[in-house]
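Asks: Here are the chains, one letter per residue:
Number of protein chains: 2
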Amino acid sequence: MATLAAERYPSRFDPSRLDEVEPAMRANIERRLDVLGPGYLLIYNDPVAFVRGRGAHLFDADGRDYLDAYNNVPVVGHCHPHVVEAVSRQLATLNTNTRYAQEGLVDYAERLVALLPEPLQRVTFACSGSEANDLALRVARHHTGHEGVIVNRYAYHGITREVAGISPALGEGSPLGANVRVIDPPDPTLVPAGGDLASHMLDETWRAIHDLRRHGFGTAALVLDLSFMSDGIFPEQDGYLQGMVDEVHAAGGVFIADEVQAGFARVGAGFWGFARHGVVPDIVTMGKPMGNGIPLSAAVFRPEVARDFGEQVRYFNTFGGSSVPIAAGAAVLDVFEQERVPERAERVGARLRAGIGALLADSPHVADVRGSGLLAAVEIVEDRDGRAPDRARTTRVIDGMREQRILISAAGPGVNVLKIRPPLAFDDADTDRFLESLEGVARRELR
Amino acid sequence: MATLAAERYPSRFDPSRLDEVEPAMRANIERRLDVLGPGYLLIYNDPVAFVRGRGAHLFDADGRDYLDAYNNVPVVGHCHPHVVEAVSRQLATLNTNTRYAQEGLVDYAERLVALLPEPLQRVTFACSGSEANDLALRVARHHTGHEGVIVNRYAYHGITREVAGISPALGEGSPLGANVRVIDPPDPTLVPAGGDLASHMLDETWRAIHDLRRHGFGTAALVLDLSFMSDGIFPEQDGYLQGMVDEVHAAGGVFIADEVQAGFARVGAGFWGFARHGVVPDIVTMGKPMGNGIPLSAAVFRPEVARDFGEQVRYFNTFGGSSVPIAAGAAVLDVFEQERVPERAERVGARLRAGIGALLADSPHVADVRGSGLLAAVEIVEDRDGRAPDRARTTRVIDGMREQRILISAAGPGVNVLKIRPPLAFDDADTDRFLESLEGVARRELR
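First to last, the protein sequences are chains R and Y. The first sequence: position 373 = 372 (numbering that gives the first Met the number 0), numbered continuously. The second sequence: position 56 = 55 (numbering that gives the first Met the number 0), numbered continuously.
Each hint should be verified, as a subset may be incorrect.
[What the hints assert, rightly or not] The following label-pair restraints were derived from C-beta to C-beta distances: (1) R:GLN403 - Y:ALA113: 36 to 42 Å; (2) R:PRO174 - Y:PRO174: 17 to 23 Å; (3) Y:ALA249 - R:PRO174: 23 to 29 Å.
[To be verified] To give a feel for the contact side, a few chain Y residues facing chain R, derived at Cβ under 8 Å: (4) PRO37; (5) VAL105; (6) GLY309.
These are calculated hints, taken from the structure and not from any lab test. Every residue gets a Cβ at the ideal spot worked out from N, C-alpha and C, and that includes glycine.
If we strip away everything but chain R, and leave its shape as in the complex, we get (with noise of 0.2 Å):
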């Protein structure tokens, strides 16, 4: 039997439950089902809808206060005053495209670009992540002239025909391109016995490039989440990525940052999540925060890499780099630059990680407690010594979370990592509730 995408979710709502759901959501899951088929997830055995948001905190119609410590497309917060304000204005003074000159187009282009180590210096603008990926993929083959691509094992990259060929957390229903090779993540646990986690990296890296040199696709691209988030999370692990570029350069592909989850500050240590290796990426793509919401993505290239591309193939989104999104993306930054964003999150990070770290050092269903910056993991076993990923014991901590009013997911090919990578707009109050109410679950459900 295949695993499909939605197996991959570690607490769903069942359309098979609707019975048991209040009269009023019952209509509007009855209504989803209609007309938006059966493709469309809901988060939660007990779905969830809210009318308000503010900061880190979701509202729904009875005014309940739920703290959102999963989503992080509202990065300064949902409904963030200053975003709000700038891109109103800019909706009702102008929003053209990019084939016509502007000035906020160029400016922010030049602010983001401020935020990249200096190689990475062309950028081009998207509407979602998959583009941005699926950009940075034709841009990679036709720079390279080569065509396989190096992903992890349960690597995400997004939804196009192409980026989801390169996404194996899809599951088998949606199929891998026969380019494509997959290799650990940087899981220390993966690391064969009396081995380093470079070596294995490494080794993993020049695997793949000589079966795709073997199959004739040769190696366009390494493409790597540096959060490694679908893999189960793993930012924190150093000192390996340098050589599997050095490998993936001498075998003539380049090295494609997908930063649309570590990026802008989740991870902390720097900017972005391949800060802390010293490796300067040849493309980098970033989406989801860029925008606090409102749709903005972009792939940022090395000008060697870009240039054949630009000239002989050109590419124009529509939306991509259109007044309004721009508008939003510049807001972001004045947010990030006003409120210190980066520090704050790297401190409140580092304070959450510590407090969850603290409550579940002694769990026997605990096996790590790992994460950077605003990215907190929490790998649940049935027991510490053998490891083997408790996906129902998850579960039950998500769903005791929620029933807490707090929002947060699990990760990984087990779905059994907890995965929780709230707003950057959390705050201590948010991390003291979080803690809170995490204790009086694990005292339930992981002792």
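Position chain Y relative to chain R; hints supplied.
Replies: Frame of chain R, contents of chain Y only:
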């Protein structure tokens, strides 16, 4: 020498002429070239920058009023107050994704489906027309088990790798898929002597199906933009589609109507490009005008076509269907109802096309004035009898109109068909101004 995408633009800025541009614009373009690279094309030899928009009008920094007879994205008018207000309100209230229950999402999906024939019932939202078409192809392949795709000879369906692969309009820099076959658009001049359009289109379709079968791909989908925008604009032809679709169905494929251009009342005679043909597509995709500039697109499926994909693959588009884009889409439909946009567009379009026809009827350089609804096309040729495309003259007309501060462009394989495609906010006064300016330009360039 390969034909590149950029070469298909009639009037575009040539960076080698940067010295001739006035200082403020020159500074902007220099910075733009540095940070965006060569892939970002600027419309017009003499580029333009706007600071404000309203209705079918755009204004530059000196307050000069440009008449927009080209942009289809701001369908109900640039910065329409109702859309601005609705989107701003939603932005300040809530913006979450589809994995939480949302009334607005279901309400809008139902309104959208109500605008389509009954079998088209399942909506999936995305950000761009490219994403919608990419998804439509994934679903078509999954449903049919085939790989082959049939499109028009100069079709354009978007910019992901998958849909770029079915977009010959992108030029030789961008490869078509091995599984893609191209057929003539419904251009009466392509019909062999003694034949009729319907038979010719059927022959074309049959040949493509046969060739796909011989190559082992089978036929997954026929994809048509029923305005045939990039093939030279032939929305008004009729009587040929049912036979083509029957042939595709008999081969086990589906028919995808790409309504990114023709839809939302652009071509009159019903809300969609397929409406005049009495054919109900298996999948309809839509984009550009849908959110009046907020990124929003959709693919709508017959339930039986979408079922397996929905159950086995799932599809989560982070921004597609989130609260703000949905609010934009709903506000656009409000304006369509309140201002009776389709009726106005049909009436104004008929007057515009009649006026253009009357002005240019005697021009030795105009082979045809055609179009439908608020989409007008003028085919410009060296002389009427030979009908050789006159691209240089077409560009002079476009530049002449730009001097009069009226925005139009050109389409077609010869880049010699004026593309007059204003926001549907275009009114009688706009039509008067357009015709008056065209008369002056035609006196110089088309006599």
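Asks: All hints, please: hold or fail.
Replies: Verification of the hints:
In this structure the supplied range 36 to 42 Å holds for GLN403 (chain R) paired with ALA113 (chain Y), their Cβ-Cβ distance being about 40 Å. Checked against the hint of 17 to 23 Å, the pair PRO174 (chain R) and PRO174 (chain Y) passes, with Cβ atoms roughly 21 Å apart. In this structure the supplied range 23 to 29 Å holds for ALA249 (chain Y) paired with PRO174 (chain R), their Cβ-Cβ distance being about 27 Å. For PRO37 (chain Y), the interface hint holds, the least distance from its beta-carbon to any beta-carbon of chain R being 4 Å, beneath 8 Å.
Given the 8 Å rule on beta carbons, the hint for VAL105 (chain Y) holds: about 5 Å separates it from the nearest Cβ of chain R. Here the hint on GLY309 (chain Y) is kept, as its CB sits about 3 Å from the closest CB of chain R, short of 8 Å.
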